[in-house]
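Kindly produce the complete structure, drawing on both the sequences and the hints.
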Amino acid sequence: MKYESQGIAKLYFIAAIALFVGQILFGVTMGLQYVMGDFLFPEIPFNVARMVHTNLLIVWLLFGFMGSAYYLVPEEAERELYSPILAKVMFWIFLVAGALTILGYLLVPYARLAELTMNDLLPTMGREFLEQPTITKIGIVIVALAFVFNIGMTILQGRKTVINVVLLTGLVGLAVFFLFSFYNPHNLVLDKYFWWFVVHLWVEGVWELIMASLLAYVLIKVTGVDREVIEKWLYIIIAMALISGLVGTGHHFFWIGTADYWQWFGSIFSALEPIPFFMMTLFAFNVVNKRRRDHPNKAAVLWALGTAVMAFLGAGVWGFLHTLAPVNFYTHGTQITAAHGHMAFYGAYVMVVLTMISYSMPLMRGQKAANVNAQKHEIRSFWIMTLSMVAITLLLTGAGIMQVYLQRYSADPLPFMVVQDRLAHFYWAREVAGLAFLSGLFLYIYSFFAKGPEVADVE
Amino acid sequence: MGSNENQLKKASQASLVSLLNLTFFPVISFILLLIIYNKTTTENIDRYYAVIGIKTNLIAAVALILVTALMILLGGFDSPWTWVYVISYFVFVHALFILFATWTMVRSWTGKKLTKSFLSK
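Protein sequence lines, in the order shown, are assigned to chains A and B.
One point on numbering: in this note's numbering, the residue at position 246 of the first sequence is 246, and numbering is uninterrupted.
One point on numbering: in this note's numbering, the residue at position 118 of the second sequence is 118, and numbering is uninterrupted.
A hint or two may mislead.
Claimed, not checked - Just some of the chain A residues that point at chain B, by a computed CB distance under 8 Å: (1) T281; (2) F285; (3) V309; (4) V317; (5) W318; (6) L394; (7) T397; (8) G398; (9) M402; (10) L406.
Simulated from the structure, these hints should not be mistaken for lab results.
For every residue, glycine included, the Cβ atom is placed at its ideal position computed from N, Cα and C.
Structure, rendered in structure tokens:
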């Protein structure tokens, strides 16, 4: 670790991992509720568990992105962070606000929570993934602005590289697009437009910039390949991500009451969306092949390669599977969407944050890389979590295909709940895979505490 | 152009058409792969990658034939299970073939052989 202020990332990473555990616990709970509807009812109803599962995902990924930026930017900018104190204060504000919001979801009925937080003054609640009370949303904006200011000032006063400028662009986009969540028009079609301007332009737009820059940074560090080579790849990847992803928002406009031309725009541009993910795979493979050194942190290299591969599969292949309008007509809102969502979020964003943690955590703890045993455990946890996620995705895909066929395609369509009953064996198997994922996550956490011989100092 | 550079170029071309056969241009690309194979010499890096390409594509083809056979055995297009297997096969197993072909293509650019692969034997 070259700069003392990089150490702030540790706080963010620890919070991110703790919230990740919470997210998976609620996921496993919800998985069981699919097959045992009364499980933990009325204490934790399905809709609340789902809200907590998705909100925790967003919050912990934001913690992960912020921690990654606080680690990466000082080193790229070749100077200390503009204001380490501001970063620490914002960490506690964000953590307390996040925890209070989750407790609010769990302890207070949602309608009452809306009343208590004065949602009627500026109504923003009630939309999927953006359920946070208005006051929390205002808190998120304050934290995001302070964060972007801190990172931005560090970069402006320091060295500007392609990596930190792309990262800053992604982070500014993240903050700006969140502002659409404050506009809540009465017209439902308009409402859906603005809702997607947050959700889609985050995950299939600016978050891809953040992901690509983080991956590029780790690959430079672990392979020693020339910065120029990696920067050229980065330019092409982000160009393709924005060209395909921005108009690709149209794949959410197929059935919300918009004009027919969105079926063409949405289909064509989102069919291009696998390209940046494929290029990311090509980029990671190519850079690792050209590596000039064998970095002692094998786990970080594995996470980096895994990110590229799993993002291509989850976001690219599984996204393409149901993105064309004639296919989406049947698959919209089925378990196929859930399959895509799980693997895409894991492959693209969870794994890139874990890549950054894997690379930076040992350095923040004064090591070149984690000790031999710790890396063994971490690599095992990589495979357990990744293979469990593949299993979850395949099982949800199977369930989704059956659902489409029985509920929407066959000559004698069955009602929703009857079909859900028929999918129970898929859901049971998914629950087992979810528990396996949780065990992989516990092993991952254990790896930070494992003792063992230090790795040879190669550099 | 030296012989090594020429071999590298052919190795890269062989890997590329192998990838194209698995994605956008099946059959035509395989014919091109066979033509490239014919122009290579034993023990050279271009022959090595042409052979890997041919083996990868033949295994993918056999797997596709098996999936088709399963389709017929499982009740044809009218059974939802057929679609569960076929779609899962394409999005996962065939995608892995594509990823493997991508890896070999990138590896061929470096002029090195694969380190661990039964296909390279």
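Violations among the numbered hints, reported as their numbers in ascending order:
none
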